[in-house]
Amino acid sequence: MPIAFGFRPISPISTISAETDWDAAFSLLANNGVLCFVGIPVSSLNVPLIPLIFGQKSVVGSVVGGRRFMAEMLEFAAVNQIKPMIETMPLSRVNEAMDKVAANKARYRIVLLSE
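Those letters in the sequence shown? Residues 1 to 115, by the numbering used here.
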């Protein structure tokens, strides 16, 4: 049985704060789906009302929860084999990693690995 927050199954969770095409993202949300924001977008969110109402979709926001919610989220990710989209670099290239982040050239997140 899938893990759920409250009574609804887990839906897409947005953690990004970058400019995004929210209309395209919202169109991918299934009927009865919930788009949950835990990061604060830099742009406003214009939600198309017809698909929202007739598709019984929801848009919610939340601050990051406590340990119980984090454990539940990590268990869900493990059960469903959900893995982060990251770029790894050795710690010796930390300056290059910081330059990529500053130039907005990082692919998702950069994780520095000890050597």
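For the record, the hints were derived by calculation from the structure and aren't laboratory data.
Among the hints, a few may not be true.
Below, simulated DSS-like cross-link-like pairs (lysine-lysine); rule was C-alpha separation at most 30 Å, straight line [claimed, not checked]:
1) 105 with 83
2) 100 with 83
3) 83 with 57
These are the hints, each one checked on the structure:
1. 105 with 83: holds, 21 Å
2. 100 with 83: It holds: about 22 Å lies between the C-alpha atoms, which stays within 30 Å.
3. 83 with 57: With Cα atoms ~25 Å apart, residue 83 and residue 57 stay inside 30 Å; holds.
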